[in-house]
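Use the sequences and the hints to build the structure in full.
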Amino acid sequence: MAVMAFFAAVGSSVLLGSLLWLLRHNGIGSGSNLTIAIMSAVYLVLFFPLFFQLLRQRANLERLEREIKEGHLLDETTRLYKSSVFEELADTQIKIARRNRWPVGLVVMDIDSLSTINETFGYESGNRVLKHFSSILKSSVRESDLLARYDDDRFVLLLPDCDARNAKKVIQRIQAKVLESPAESEGKEPINIPFSSGVVSFSGQVARLDTIMGRADEALMRAKKNGANRIELF
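Residue 76 is where the sequence shown starts when you use the numbering used here, and the numbers rise one by one after that.
Derived by calculation from the structure, the hints in this document are not laboratory data. You may find that some hints are simply not true.
[As the list claims (entries may be wrong)] Here are the computed lysine-lysine pairs in the DSS-like style, where the Cα-Cα straight-line distance is at most 25 Å:
| id | residue 1 | residue 2 |
| --- | --- | --- |
| 1 | Lys263 | Lys157 |
| 2 | Lys213 | Lys299 |
| 3 | Lys243 | Lys263 |
| 4 | Lys263 | Lys299 |
[Stated by the list, open to error] Computed beta-carbon distance windows for the label pairs:
| id | residue 1 | residue 2 | range |
| --- | --- | --- | --- |
| 5 | Lys170 | Arg133 | 12 to 22 Å |
| 6 | Asp285 | Glu151 | 17 to 27 Å |
| 7 | Asn301 | Arg133 | 51 to 61 Å |
| 8 | Gly262 | Asp238 | 41 to 51 Å |
| 9 | Pro269 | Ser159 | 20 to 30 Å |
| 10 | Glu264 | Arg173 | 26 to 36 Å |
Yeah, the Cβ is synthetic: ideal placement off N, Cα and C, and Gly gets one too.
This is the structure:
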């Protein structure tokens, strides 16, 4: 594209010089206004399509870069952050919270029956469940919250400026939405999505994400042990 712009500039300069020489040779205007007018017309005709093409190409490149970036950051099935991305972003949030002693809630969720759903309805229906569950999660959290698919049936949510009591309320709202809106199998059969949650809250004292995740996992395992489809606080 740069080569095209160079040759277009050279060509337009030659054409402009020839046109001005011809006009002056025939005694048609010799003032600077005529020169400026002709120059503007020539450059407009020659360069407008080129500039339009450059803008369109730039927009396409930005779109491709955005798609590549999102493909790298997001899980393919759920379109939530991947675990590695979550860990990097959450680490930054935790450092800010620790410095300012702000409360932060962290929730680990696990779909209790995904393997059974896969065996009963097939893996495509299992993917439908994951997508449906993820869409409910996304519609239930704030823009400032961090949400990720951590592995096959486990999800994690970081809630800045949120203590354990309010974090539990968020998950209770999500449970109600999931209960009201079951997923559908390929055959349009309703599929309920029971899930367990482990909730932990801190206000800057905890320094490491893996420590916080460990506490949330401990609460999650207690929820599953106590009957599943429930919420447990650390």
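Against the structure, the hints:
For the hint linking lysine 263 to lysine 157, the alpha-carbon distance of about 29 Å lies beyond 25 Å, and the restraint is violated. Restraint check for lysine 213 and lysine 299: satisfied, since their Cα atoms lie roughly 24 Å apart, inside the 25 Å limit. Distance hint between lysine 243 and lysine 263 is unfulfilled; the C-alpha atoms sit about 32 Å from each other, more than 25 Å. With a C-alpha separation of about 28 Å, the suggested pairing of lysine 263 with lysine 299 is violated against the 25 Å cut-off.
Between lysine 170 and arginine 133 the Cβ separation comes to about 36 Å, which falls outside the hinted range of 12 to 22 Å. Against the hinted window of 17 to 27 Å, the Cβ-Cβ separation of aspartate 285 and glutamate 151 comes to about 25 Å, which satisfies the hint. For the pair asparagine 301 and arginine 133, the beta carbons lie near 56 Å from each other, so the given range of 51 to 61 Å is met. At about 43 Å, the CB distance of glycine 262 to aspartate 238 agrees with the hint of 41 to 51 Å.
The hinted window of 20 to 30 Å between proline 269 and serine 159 holds, with their beta carbons roughly 28 Å apart. Between glutamate 264 and arginine 173 the CB atoms are about 47 Å apart, so this pair departs from the stated range of 26 to 36 Å.
Violated hints, in rising order: 1, 3, 4, 5, 10; the structure is consistent with all others.
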